[in-house]
Each structure stands twice: as structure tokens, then as C-alpha cells.
Amino acid sequence: MDGVPPEGEGGREWSFESSLIRPYSLTGGRVRPSRTDFSMTSQVVAVPRTRPVRVDPELELILSLCVRPVSVAEVASRAGFPLGVARVLLADLLDQGYVVVHTSGWESHRPDAQTLRSVLEGIRRL
Amino acid sequence: MDPEGAGPVPDTLKIVVAGGFGAGKTTLVSAVSEVESLHTEEVMTSESVGVDDLEGVEGKATTTVALDFGRITLDQTTVVYLFGTPGQRRFSFMWEELAQGALGAVVLADTRRLADSFDAIDFFESRGVPFVVAVNCFDGQRTHRAEDVRVALDVEERVPLLLCDARDRESVKEVLVELVTLVLRLELSGA
Numbered sequence: 000m001d002g003v004p005p006e007g008e009g010g011r012e013w014s015f016e017s018s019l020i021r022p023y024s025l026t027g028g029r030v031r032p033s034r035t036d037f038s039m040t041s042q043v044v045a046v047p048r049t050r051p052v053r054v055d056p057e058l059e060l061i062l063s064l065c066v067r068p069v070s071v072a073e074v075a076s077r078a079g080f081p082l083g084v085a086r087v088l089l090a091d092l093l094d095q096g097y098v099v100v101h102t103s104g105w106e107s108h109r110p111d112a113q114t115l116r117s118v119l120e121g122i123r124r125l
Numbered sequence: 000m001d002p003e004g005a006g007p008v009p010d011t012l013k014i015v016v017a018g019g020f021g022a023g024k025t026t027l028v029s030a031v032s033e034v035e036s037l038h039t040e041e042v043m044t045s046e047s048v049g050v051d052d053l054e055g056v057e058g059k060a061t062t063t064v065a066l067d068f069g070r071i072t073l074d075q076t077t078v079v080y081l082f083g084t085p086g087q088r089r090f091s092f093m094w095e096e097l098a099q100g101a102l103g104a105v106v107l108a109d110t111r112r113l114a115d116s117f118d119a120i121d122f123f124e125s126r127g128v129p130f131v132v133a134v135n136c137f138d139g140q141r142t143h144r145a146e147d148v149r150v151a152l153d154v155e156e157r158v159p160l161l162l163c164d165a166r167d168r169e170s171v172k173e174v175l176v177e178l179v180t181l182v183l184r185l186e187l188s189g190a
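Respectively, the protein sequence lines represent chains A and B. For the first sequence, the residue numbers in numbering that gives the first Met the number 0 are 0 to 125. For the second sequence, the residue numbers in numbering that gives the first Met the number 0 are 0 to 190.
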């Protein structure tokens, strides 16, 4: 192993006893989004020309991250929010018409053989 | 959905990478991801279901699960996400969500701690999620025989099992090819 740790995350995979109060203070204490449209890989994108004049900084941050289509998980990661917090805030933005969301049909049914073959080709080409 | 000027919105595929602590999940994801491995977390209370507000939540034990993930853009219309998740049963609330709509899973086994893989194998089997077992050979030497590991893990013949080096891009590509080939085989057989 040449002294290289097997895992790149520096050893912290989980912790107990962390406080829920801090992460969810951004959502006014709400831990569940107003809707359930967002899977981790759903693509969200800001709707052009609807950018609100005045908006909370965390919502502004999210809008700036989805100028182009980006997954919910990436929004959370880049904004530095836990996934659940990002979901609540994205749901707010969706309710207000500032973002649209697209969840792949492949979340509900397996891709067909032709798609799977092109995925195979794509992976081999990497 | 086609917001003006935002470009085409790709369809996404999700592959779950489950393995015990230190099995090499992050390394594997990083080996093929086009972006530096991304990181987020999910916070879960012991009473997460049904919790609508945080009144009285102070002092309740919560669990934070770290999720490392990567992205592979295959073409304009298809993006694959790889999500690494801890392999112990106490994190199964995360597996439920990750397994939902997943194309399949890679159980990354560490020969030093094979037992760490049992929970994940049981889970994907019970949920009918197609999966392969990839045995990470950290030292780059294939000192273990795949068949011995199969016996030790009690994995059925129909589940592909292969040795890999999670640091090596080509090796990880082989693992993903094995998984997608399995999914294709299931699709063609109507399973």
C-alpha cells in the first residue's frame, strides 16, 4: 500500500450525536421538503429570467449552482448543505417557479437493451 | 423540461458502491469520476420518519452518513452517478434511498474484513438490485483466488465476482462493465 490510506475521506464516515439544529436552521427547522420530486440524481436547473430580486443568500447560492442542469446531490455538495437541507430549499425554489426539475425515467424502470449497450460502449471508451 | 439556454437535460443512471469502512469506495469512485470525488452527507434522527419539526429534537441521537460520489458523462444525454455508501447495516436507511431506481450496485469487498460485506450483499439480494462483488486487492497483487472469496462470502454463482484494484481506472471500468453486462443479461432474459 505504500502508506496510502485505502479510503480518501480521512477516516470520517459517520458520527453520532451531531446536532440537527444547525444544518436545519437554514430551512426554518423543516426537515422534510414540501414535495418529493427530488431524487439524489434528479437534474435541477434555474429558470432563466425568473431570478428573484430579493432572495435569501442560501437560495441565491443554489440558483447560482444550477445555471446549467445539475444533480440534487451535486447542489448539496457544492453548496455545503446536507442532502436533506438542499432538498427542502430546492423544493421552495420549485414551488416559487425559480427552478425546474427532471427525474430520469430510468429511476422507475430499467433502461432498455439498446440503452444498456450504449452505456457499456460509453464505459469502455472512458 | 427544456429551459431556454440551459442546454439539454441528461438522463441519469445511478450505481451504488457499498463497502465496509476502508474498503476503498472513495478510491474506486475517484478512479473513474470526471470530477474530483464529491461529498455530501445525510443527517438522520432515530425518529426521522414522521419528524416534521425540530421541537424537542435537541439531544436526540442523530447519525450522519457521509456520501462520496462521482459523475461520468457518457454523452450529451446520459450521465452516470456513482454513490459510495458505508456497508454496515446501521446505515441501511441510506441504502433504501440509494437502491431506489439504481441501475445496480457494486459491493466492494476487503479480503481483510470479508464479513463487512455480508449486510450489503443481503440487502441488495433482498431488494432485487443487480449487483457484482468486486474484491479490492490493495497491494496490487492478486493473492486471493476469486473462487475462494466466493466461498467465503457465500455468494451464488449467478452473482459476478471479480478481483479489482480500486485505484486503477481500467480495473474499475472492468467492474462497471461487468455490472452493466449483468443488467443487460437480466433485461434480455426478461428477469
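Quick caveat, the hints were computed from the structure, so don't treat them as lab data. A few of these clues could be false.
[Stated by the list, open to error] As a list, the in silico SDA-like pairs of lysine to any residue whose alpha-carbon atoms are at most 25 Å apart:
| id | chain 1 | residue 1 | chain 2 | residue 2 |
| --- | --- | --- | --- | --- |
| 1 | B | Lys172 | B | Thr72 |
| 2 | B | Lys172 | A | Arg109 |
| 3 | B | Lys172 | A | Leu119 |
| 4 | B | Lys172 | B | Thr61 |
| 5 | B | Lys172 | B | Val34 |
| 6 | B | Lys172 | A | Arg29 |
| 7 | B | Lys172 | A | Gly121 |
| 8 | B | Lys172 | A | Thr114 |
| 9 | B | Lys172 | B | Glu124 |
| 10 | B | Lys172 | A | Leu58 |
| 11 | B | Lys172 | A | Asp55 |
| 12 | B | Lys172 | A | Val46 |
| 13 | B | Lys172 | A | Arg124 |
| 14 | B | Lys172 | B | Val148 |
| 15 | B | Lys172 | B | Glu35 |
| 16 | B | Lys172 | A | Gly79 |
| 17 | B | Lys172 | A | Val66 |
[Unchecked claim] Non-contacting residues of chain A with respect to chain B, defined by C-beta distances greater than 10 Å in every case (computed):
| id | residue |
| --- | --- |
| 18 | Leu58 |
| 19 | Ser63 |
| 20 | Leu64 |
In this text, a Cβ means the ideal position worked out from N, Cα and C, and glycines have one as well.
Going through the hints against the structure:
no. : hint                : result
1   : B:Lys172 / B:Thr72  : holds, 14 Å
2   : B:Lys172 / A:Arg109 : holds, 21 Å
3   : B:Lys172 / A:Leu119 : holds, 10 Å
4   : B:Lys172 / B:Thr61  : violated, 36 Å
5   : B:Lys172 / B:Val34  : holds, 16 Å
6   : B:Lys172 / A:Arg29  : violated, 40 Å
7   : B:Lys172 / A:Gly121 : holds, 10 Å
8   : B:Lys172 / A:Thr114 : holds, 18 Å
9   : B:Lys172 / B:Glu124 : holds, 23 Å
10  : B:Lys172 / A:Leu58  : violated, 37 Å
11  : B:Lys172 / A:Asp55  : violated, 42 Å
12  : B:Lys172 / A:Val46  : violated, 36 Å
13  : B:Lys172 / A:Arg124 : holds, 9 Å
14  : B:Lys172 / B:Val148 : holds, 21 Å
15  : B:Lys172 / B:Glu35  : holds, 17 Å
16  : B:Lys172 / A:Gly79  : violated, 29 Å
17  : B:Lys172 / A:Val66  : violated, 31 Å
18  : Leu58               : holds, 17 Å
19  : Ser63               : holds, 13 Å
20  : Leu64               : holds, 12 Å
Checked against the numbered hints listed earlier, the structure breaks hints 4, 6, 10, 11, 12, 16, 17; every other hint is satisfied.
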